[in-house]
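Trainee: Quick note: to get the working numbering, add 282 to the position in the sequence shown (first position is 1).
Quick caveat, the hints were computed from the structure, so don't treat them as lab data. A virtual CB, placed ideally from N, CA and C, is assigned to each residue, including glycine. Any given hint could turn out to be false.
What the hints assert, rightly or not - Here are the computed distance ranges between Cβ atoms for each label pair: (1) 411 - 380: 25 to 33 angstroms; (2) 489 - 400: 19 to 27 angstroms; (3) 467 - 440: 20 to 28 angstroms; (4) 377 - 478: 36 to 44 angstroms.
As the list claims (entries may be wrong) - Cross-link-like lysine to aspartate or glutamate pairs, in silico, EDC-like; alpha carbons within 16 angstroms at most: (5) 285 - 369; (6) 392 - 369; (7) 484 - 336; (8) 412 - 423; (9) 285 - 419; (10) 484 - 470; (11) 392 - 409; (12) 288 - 409; (13) 288 - 423.
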Amino acid sequence: MNKTQKFFFLAFLINISYLIITFIFFYGLNSPLMSRNNNDYLTFHNAGLLAIKDISNLYNSSLYLFPFRYFPLSAYIFTPFSVLGLEVGYFVFQLFNFSLGMINLYLIYKIIQIYINLNTKSIVSFDLVKFRDVFSDPKNESILHQYAVILIMLPQFMNYFLGQINILVSFFVLLSLFYFLKNGIRNDFLGGLFLGFGILLKPTLILIIPFVIILNYNKENK
């Protein structure tokens, strides 16, 4: 392995250690820093249950440690985890988060690949035919290096530790961009759909819409 590959492997292991530390605090410690009783996931867990049992109380702040401040439909995204119970649901949710982190790297690869195909005169020097090229071709080292940095950043740890949803939001944003870069009404629809899911979870993403309009305008007028 070259230095970049070793760095990515180390970052991958550090990311796993973030997850392990999170589980130790959630299941084994009753710490004021974080426990099953003072975690953001508890809000999502309760919202997921209320969505199917008592939707009228979704915004009843007395039922939450931290208020639920998202659009009503977003509560249903957490229902599959909530019905598993708090402890099992939390474990599955965190493994889901971890898996999405790896899927996001694949989406970045696909987005760059589409961009290169759309811009034949691009000065980008990546050589991406297959996903494994991200790991094996020296021309693509910057992708691997930068994503390794993302994996070890403090926000990654806090996303696990506090039971947050930023990785899921990033997944929806990347997936929407993947479809918006492709041609066709179907792809535009899917791009809008997944961006909508992202907005449900992070309402401030509505600020992205003007850039999406510009992106589509530029794509159609090439």
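Trainee: Evaluate each hint against the coordinates.
Mentor: Outcome of the hint check:
1. Evaluation of the 25 to 33 angstroms hint for residue 411 and residue 380 yields a pass: the beta carbon distance comes to about 27 angstroms.
2. Here the CB-CB span from residue 489 to residue 400 is close to 24 angstroms, well matched to the stated 19 to 27 angstroms.
3. Distance hint for residue 467 and residue 440: a CB-CB separation of about 39 angstroms, inconsistent with the stated range 20 to 28 angstroms.
4. The beta-carbon spacing between residue 377 and residue 478, approximately 25 angstroms, falls outside the hinted interval of 36 to 44 angstroms.
5. Between residue 285 and residue 369 the CA atoms are separated by roughly 39 angstroms; this puts the pair beyond 16 angstroms, and the hint is violated.
6. Between the alpha carbons of residue 392 and residue 369 the distance comes to roughly 35 angstroms, so the proposed pair goes past 16 angstroms and is violated.
7. Distance check on the hinted pair: residue 484 and residue 336 sit about 23 angstroms apart at the alpha-carbon level, beyond 16 angstroms; violated.
8. With a CA separation close to 14 angstroms, the supplied pair residue 412 and residue 423 stays within the 16 angstroms bound.
9. Between residue 285 and residue 419 the alpha-carbon distance is near 13 angstroms, which keeps this suggested pair within the 16 angstroms criterion.
10. Between residue 484 and residue 470 the CA atoms are separated by roughly 20 angstroms; this puts the pair beyond 16 angstroms, and the hint is violated.
11. About 12 angstroms separates the Cα atoms of residue 392 and residue 409, which keeps this hinted pair within 16 angstroms; it holds.
12. About 20 angstroms separates the Cα atoms of residue 288 and residue 409, which puts this hinted pair outside 16 angstroms; it is violated.
13. Proposed proximity of residue 288 and residue 423 is supported: the alpha carbons are some 11 angstroms apart, at most 16 angstroms.
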